[in-house]
Amino acid sequence: MNFTVLLIGCEEIVKKVMEFKYLYQQFTFVPYIDQADQPFSEDVNQFHAIVLANPLKFPKELLTTIEHIPVFTLAISESTLYSSLFKCSYEYVPEQTGHYTISVDAMNLAHSSISEELSGKGIIFTEYKEGGRDQVLRHHVELWNKRQAQCVVTCDPFIKDQLEDLSIPVHLIVPTQKCIKQSLNHVTEEVRQYAIQEKIETSENIRLENPSAFQLMQDLRVSAKTLHRLQCLCYSNGKNTITTSELAKGFSITLRSARRILSNLEHHRIATVIGEEQSNKRGRPRSIYRIDLQPFQEEILSNCSYH
-15 MNFTVLLIGC EEIVKKVMEF KYLYQQFTFV PYIDQADQPF SEDVNQFHAI
35 VLANPLKFPK ELLTTIEHIP VFTLAISEST LYSSLFKCSY EYVPEQTGHY
85 TISVDAMNLA HSSISEELSG KGIIFTEYKE GGRDQVLRHH VELWNKRQAQ
135 CVVTCDPFIK DQLEDLSIPV HLIVPTQKCI KQSLNHVTEE VRQYAIQEKI
185 ETSENIRLEN PSAFQLMQDL RVSAKTLHRL QCLCYSNGKN TITTSELAKG
235 FSITLRSARR ILSNLEHHRI ATVIGEEQSN KRGRPRSIYR IDLQPFQEEI
285 LSNCSYH
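-15 is the number of the first residue of the sequence shown in the working numbering; add one for each residue after it.
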């Protein structure tokens, strides 16, 4: 089976990741260069997974569509930051001779030994936190204007673009080859596991000996086993309503598979959307489905037998 993976990010990182695609013959990596002035146009439903090459800058449109598709980010290790600092130190030649300072932003610096080891040695560290982009950008510009820093190393492609427009020397933190390979190894293994989880497996087999029940299952394109498990799940929850996440958890499948099952049941009027489940996380609300198996109880579920 061939798996298709959407790779989203800035051009510099995406190109570097694509250099290793030949190592994964079962995977087709589709590059997508994220540009701030262009709307996101890819249909994510055609992909088995999404890889964010630089997670700090990705299309906002994805927030309402990636819920049912596994999403991964490239790992940024301490060696990656060391590599970026080294490149900055030998590529940038200050006008004045002698000591110069680099202003650096990166995520999870509070848990990094680098900030402790290099702090005060010509490097000013700023921890990058979600939602703090503008503040970090202003900090870099202020240090540059006050001549307290002569170069910037950033983890955010947007900040890099803004500083380049201001003619401030800047380098983007780009994952090393080792980090990319480790990340892709993890992604490919996880995607395979997702594919396995999409198959609903149980230890019992269900026999359909009633001709009308068999024909109805053919029309529904949903197995009797799936309907029976759904019935048992509703009974165990003590209600006849369910969400995509509840179905995924109860069946031990992915959200993508659960959504496909409920969509098919909704088409055949077994599942009906009756409300929404609000979340404090970003993304679209989750629909609440009412499950009505009564019309099929006698024709299908009562004719199920195990062996």
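Keep in mind that the hints were calculated from the coordinates and are not lab data.
The structure presented is a predicted model; accordingly, all values stated were derived computationally and were not measured.
Built from N, CA and C at the ideal position, the CB exists for glycine as well.
Certain hints may be false.
Heads up, simulated DSS-like pairs for lysine-lysine below, C-alpha to C-alpha not over 27 Å straight-line [claimed, not checked]: (1) Lys113 to Lys165; (2) Lys71 to Lys223; (3) Lys113 to Lys162; (4) Lys113 to Lys130; (5) Lys5 to Lys223; (6) Lys0 to Lys105; (7) Lys(-1) to Lys223; (8) Lys165 to Lys130; (9) Lys71 to Lys0; (10) Lys233 to Lys(-1); (11) Lys162 to Lys130; (12) Lys71 to Lys113; (13) Lys233 to Lys223; (14) Lys5 to Lys113; (15) Lys(-1) to Lys113; (16) Lys105 to Lys(-1); (17) Lys5 to Lys105.
With beta-carbon atoms standing in for the labels, derived distance ranges [said to hold, decoys possible]: (18) Lys113 to Ser236: 18 to 26 Å; (19) Gln19 to Ile258: 37 to 45 Å; (20) Glu3 to Glu261: 36 to 44 Å; (21) Ser73 to Phe4: 34 to 42 Å; (22) Leu217 to Asn29: 46 to 54 Å; (23) Tyr84 to Asp149: 20 to 28 Å; (24) Phe4 to Ser25: 20 to 28 Å; (25) Gln19 to Gly116: 17 to 25 Å; (26) Ser151 to Gln19: 17 to 25 Å; (27) Gln30 to Ser229: 16 to 24 Å; (28) Glu(-5) to Glu250: 20 to 28 Å; (29) Glu111 to Ser229: 30 to 38 Å.
(request) Would you pick out the hints that fail for this structure and give their numbers low to high? (result) Violated: hints 2, 5, 6, 7, 8, 10, 11, 14, 16, 17, 18, 21, 22 and 28.
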